[in-house]
Structure formats: structure tokens, C-alpha cells
Amino acid sequence: MTLVELRGAEVTYRRAGHPFVALRDVDFAVDKGERVGIVGGSGSGKTTMARLMLGLQAPSAGDVLVHGRSIVDLPERRRGFLRASASMVFQDPNSSLNPRMRLRDIVGEPLRSPVLAGRIAVSGRRDEAVAEALGSVGIGPEMMDRFPHELSGGQRQRVAMARALISDPDLLVADEPVSALDVSVRAQVLNLLAAEVRERSLALVLVSHDLAVVRHLCERVVVVNEGAIVEQGSVAEVLEHPQHPYTAELIDATLSL
Amino acid sequence: MSYLEITDLHISFGRHHRPAVRGISLSVGERDRLGIIGQSGSGKSVTALAVMGLLPQHAHVAGSIRLAGRELVGLPERDMKRLRGDEVSMIFQEPMTALDPTMRVGRQVGEVVALHHGEKRGGIHDEVLDWLGRVGISEPQRIADSFPHELSGGQRQRALIAMALANQPGLVLCDEPTTALDVLVQRQILALLAEQLADRAAIFVSHDLAVVRQVCRRVAVMLEGEIVEEGDIEDVIAEPQHPYTKGLIASARVDRVAPGEPLPSVADYYPGAAT
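One line per chain: the protein sequences are A and B, in this order.
Whatever position you read off the first sequence (first residue = 1), add 19 for this note's numbering.
Whatever position you read off the second sequence (first residue = 1), add 70 for this note's numbering.
If you are wondering where the hints come from, they were derived from the structure by calculation, not from laboratory data.
Hints should not be assumed to be uniformly reliable.
To be verified - Chain A regions said to be covered by chain B (calculated; three or more residues, Cβ under 8 Å): (1) 168-180; (2) 201-207.
As the list claims (entries may be wrong) - Listed below are several chain B residues computed to face chain A (Cβ distance under 7 Å; list not exhaustive): (3) L221; (4) A250; (5) V253; (6) L254; (7) H277; (8) R288; (9) A322; (10) D325; (11) S335; (12) V336; (13) P341; (14) G342; (15) A343.
Just so we're clear, the structure is a prediction, and the values are computed from it rather than from any experiment.
Even glycine gets a Cβ: it sits at the ideal position worked out from N, Cα and C.
Extracted from the complex, chain B is given alone in its bound form:
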């Protein structure tokens, strides 16, 4: 039995049940890191939000999401709230919107730590500084005393990673955690994630296969709400089976195309791709 087991998950929205996820099944082992690749609208982020129990009210969810044997579909919000942070947490794309702009960073990390500490508030401050240090922030005290807008993009993402990890959740969901960062900061954050996620389960959602490859050993390719291909990430890159995956890989290899020659696009391989 895997740590996370998704079976025949269907998600649709609104009165007309507009489908977003069409019967996917996935499993993630206790120390397994799974990448989910897909274009916008493929259903990858919606799947992650369903695991977090963060879908909007007008979403219809059918099928099963079991986390450590416990069914999450239909779980009351009160119980889901307890799981979030403790069992499962999420790192979002844009740390500026995920952090509260009016609250000092240290207090925001402290609130997450306090959830775990329960009644005894002592030691929270030290634990906050400890976590900020563990995610590679060199002056934890100064950063703890700062507001989010006073931090660089990389520092904000590190603070968010500290918040996601502070309660040692068994599963961490990452939704495009480096898309808003430049290549140098991206490399640091990917190295940090690979190190910090090594001993837990993780799902890494992205549209960029080269990024996912830095953190995950396994990848599922989503298209129009379905998983069209899944396997060891190196195998998928070496021998993609689905035309969409082939296009994704060909179009990412800008460095292999001679200057002046047109770049291959995903639509050349799979006509239904985004435009």
C-alpha cells in the first residue's frame, strides 16, 4: 500500500460539471517523488489541490484519494484542516502571494510551528530560526524580522519551503515552485528541495520536464485531464511514447536547433496541444 493512493479520480466544476480530471490513478510511496507534467488546463494543479482539500466549493470530486490509508474524498473540512501542515503541505509558485504581506516572516513560520507544539509556546522562536537556517537562509534572525517584500524571490521561496516542512509532513506537494525564479536561484531551490524531500513523499507539478528531472525519479504526463504516459523519468525522456510527450521533449531542446532554423513545437507532434 502506497503512502498516497489516488484511484479513478474525477473532478469537474460548476453546474455543468465541466470536467478537469477524468479518472486518473496514481500512487506515491513513502520516499517516492513523483513529477506531474502538463500544460495549463491539463488538470495537474487541480489534482494537487484535491489532495490538499483546497478545491473551491463548486468542484465535484469522485473517486478515491487515500493518504496513509485514510480516505480524503468527502473528509469534513475540520479533519482536513488538521491534516494540512501535519500530514500534507504545499509549496506554491508565487511566494509573494502565498505569504501574508503584512506579517513578519518569522511570525508566519512560527504560526505553522505552533500548530505542532500545541499548548507549550516556548521554543517556537528557536525552532523558527532553526528551520530558516535549514532551508539555507544565512541570517535567520534578520530574515525572521523582515516583511515578505523586503526579501528577494529566492529568500521568499525558502521561507515558504520552511513553512511547508516545519511540521515534518509525510507528503509535500510542489506546484511550479521555481517558475517565478531565475536560473541561478532556481538551481539553488531545486537542490534544496531534492535534499529536503529525500526522506518523504512528494508530488512535483510543473510544465517543465527539465526542472522535474532535477527532483523526481518518476513522472506522469497529464493531458486534458488524463494521464497519457507514466514511468521512470529518464526512460520517458529517452523514449517518449505519447505524441504530446514527444513534442514536449523536442520543443524543450532549443540548444539542439541550429540558429535560424525553426524550433519544433508541441503542436507539430500533437495537434491538440495548447497554442
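With the rest of the complex left out, here is chain A:
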């Protein structure tokens, strides 16, 4: 079953007065429970693909379907179901978490959406849901009234995961979830991400330029360059036997110890 699909998606910006094509005629689909990596350099269009899937941005041409339903012309008030089907973890928790909100409100915020509020009728249950979401990422209920600046970098990204998971989505989109973190905490966050995806049978779209991480977490990989998909296939096949020179270059530039 297809969860999210991009059909002939195109995104064009105006940059310094000239049209700039960020994404050209991209077809992409994620099935239920599938783990897909989107890899490419900066400016390749990989983050734009992620934003389209979540309805955070509209395509200039083409279509975006969530559960088979086009979301492109959907008015804001009818987009509620998107929140229940897909969530996103952003690269830098320092900018994705509101510094003036307590963890209780940051993690509980998605529950304000009418679609989700129905699930949790009483406000007492809301705190319970927040505590449970925080607990699942290894943060105790005594931390609920803390602010983001009182946490370590790894804890902040775990809070961002709790916020993404509290709506019980079918799809988690993670955009470079560990690249802003210290090397020393990356493994913990990745292990947690892998465990949540497995236990909840979530579909995962992992946007990254770190091929080792994609190899570790995903089954399928899509390589994007200059706004177009240049290669795709199983992780083993693409990373062991790249067909496109751009993929080979990415593999070659990856540093290891």
C-alpha cells in the first residue's frame, strides 16, 4: 500500500531574478513499512522532496498524493489528516524546537490538531501521552517542565523524535537527523530511530548525505542530483554497484575510519 507519492513533481523558485529548478519531474513513492534513503549533495533537491511529502511546500507542477488523495489543492482546514499520517524530524533541534516552550508543550503540540485531539479527549490524558512519548525516547517525566536549552544536543533531538511520534504516524521523514549532532551522540540517536521504526512498523524516509547511515537504516535508496533522480534501487545493489557516476562520487567521498 502506497503511503505517499510524488507524481511528476516539479519545484521552481526565482533566484536573483532568474528561474531556478529545484526539482524536475520527480516520481517517487513510499509504501507502508518501507525504509527509503534519499541521498545527494547540498542543493540536490532531497530536502525539497521531503517537504513536498509532508505538504510543507506545494509543487509548481505535478501532484502529491497521501493515502491516494491529492493534497495539492487541499485547503488548510482539510489538511489535518496529514498530521496523523506523516511527521518530520529536522536536522537541527536548536532551530526546530521553540526555545520558549517547555518540553510538555513542544511534544504535546501536535495533539492540538483537531484530528488528533479527538483521540485524546481529556487534558489529563494529554500529559499521559506526552510522558509516554518522552519515555519512549528515554526522557523521564521529571523533564517535562524543562526548556530545550536545559538539554544536551542528543536529548534535544530525542525530544524532536518524541514530538514526531506522538501523533502515531505511518511515515517518519527524517532530514539529516544526526548531522548537526556530535559524533559521540549520533549512534544513540540512530539506534533509537531504528528501534522506533522497527517497533512501530513505521515507514521511514531518511534524507542524508551520509551513505553509511543510509546503508544501516534503509532497504531502498534514491540518489538525487540537480533536482532529478539519477539512480535508485536496493541499498545493497546501489551502494555496492553504483551505475551513475554521481553515485560513485558520493560513495568515494564518504570518509570512514
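Given the coordinates of chain A, work out where chain B should sit on it, guided by the hints.
Relative to chain A, chain B alone:
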């Protein structure tokens, strides 16, 4: 006598003297490139800022930092200012914040070049274009006429490297210079740094051992304000001694872990590691 000699350096902040660096000693020879590895809060960046004389007013510094025989601790800002750029310069992580967004790139590089030229302003323009070319910018004139936001991340970092090198300083400090870049641009910038820093002293601060290895032959591992391990970088990678270093290396080897298996984390080896 090394070009840079740090002896028993202590740095603390504020009224309560919150310690950041606890008595470290390091030396860097004239053509030596030293990597300093550590997690956030380990004191690595604070050490680099102390060498640049860029610590905030509320920092307390004790011990000695000698550059080409000259003591920098306690040096008046007026003298330190003269050293910055001429003797020691720094390449920062995020070129977008290190560059002035309202000034064309060529003028920013030109200001550094002008410091060196003193009175005679002639030839500055040519020297700017020359430096932009030397750091691998293919259309120096177009880039010189651009504002920082019109450049790609890699071009901005190259411009910053040109500014850091323009006065041929004896020591260059690099603080995570490739962390904000993707792997392809990172590879180009590391190759450029390895080439440009070959005949001078350099300190390369990073949390990523694989990155440091591309540029440095020697590495010091910092943890909680102290150096816990130091040596030839290949030896340290092959036979790490401190549990923190062991954890750092194990957790960086994502490619050696079978899919589905948990990745080793630094905290598995050293319980005090960041979380």
C-alpha cells in the same frame, strides 16, 4: 622550541570560575598540523579562541601560550590585533556568519590584504583575484563582485580560507571548517586545506576523527577540559588508549555494523560521554 607552545593552560568563565580548560600543554612545530578532537564542551574551541585572543571579557586565562617565542597570555588587545591575520588566523565552521552579509566578497578579502600592504593600496585588487584563484574559485572576478548569500556553501568557505591565508600567517586555526558542508564539498575543502596548510603550522579542531585524519598527522583528544590522549593519528586510530577515544572510534564505524544491529555508542565505552 616549537612555533606554538601552550603550557599548563587554564581557562575558566565568569564570577564562579566555571572551568573550561584544565591545565593543558600542547606544542605545534612550524610545519606541523595538529588535530584536536572532542565533543561539545570539551574545551577544544575555547583553546583555539584563546590562541586567537578572542575569548570574551569574562574569561580567566592562566598559564602560557607562546607563539614564535612571544607570550600571548596577557598581551594587550592592540598588540594581539596586529598578530591576528599576520601571524595567526582562523577559519570558522559557518562561513555565512563569519562573512559580512552586506559587503561584496572581494572587498572583504581586500580588507585583509590591505592590512598587509600598509600604505600602498595599488595591487590589492589583483592580489584578491589571485587569492580567490588559489583557493580554487574558478571565476574570481564574478565571485569577488558577489555578496556572500549569492555563493554556494563551498564557495563561501573557499573565500574564508582565502581571507585566512592572504597574509601568509605562520599559524592557521580551523574550527570545524567542513561540518556545515556535504561530503562532496567537504572532500574538496579538505584537499584544499591539506595543500594550503602544508608549509605552515595549523590546529584543526573537530568532533570528527575521519575528517581530522585527512589533514593532520598528529591528534590530541580532549575531554572535560583535559587532553586524555595524544599521538600520531594512525596510531591513535589503530590502538586507542583512553575509553573515550575507543568509543569515538567504534561509534564512527557505522559501515562495520550489520544492518539491524545496534551501533556502538561512545557511552558504552565511557559513561561520562555526552548524551
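Structure-based check of each hint:
| no. | hint | verdict |
| --- | --- | --- |
| 1 | 168-180 | holds (count 4) |
| 2 | 201-207 | holds (count 7) |
| 3 | L221 | violated, 12 Å |
| 4 | A250 | violated, 9 Å |
| 5 | V253 | holds, 4 Å |
| 6 | L254 | holds, 5 Å |
| 7 | H277 | holds, 5 Å |
| 8 | R288 | violated, 16 Å |
| 9 | A322 | holds, 5 Å |
| 10 | D325 | holds, 4 Å |
| 11 | S335 | holds, 4 Å |
| 12 | V336 | holds, 4 Å |
| 13 | P341 | violated, 12 Å |
| 14 | G342 | violated, 11 Å |
| 15 | A343 | holds, 5 Å |
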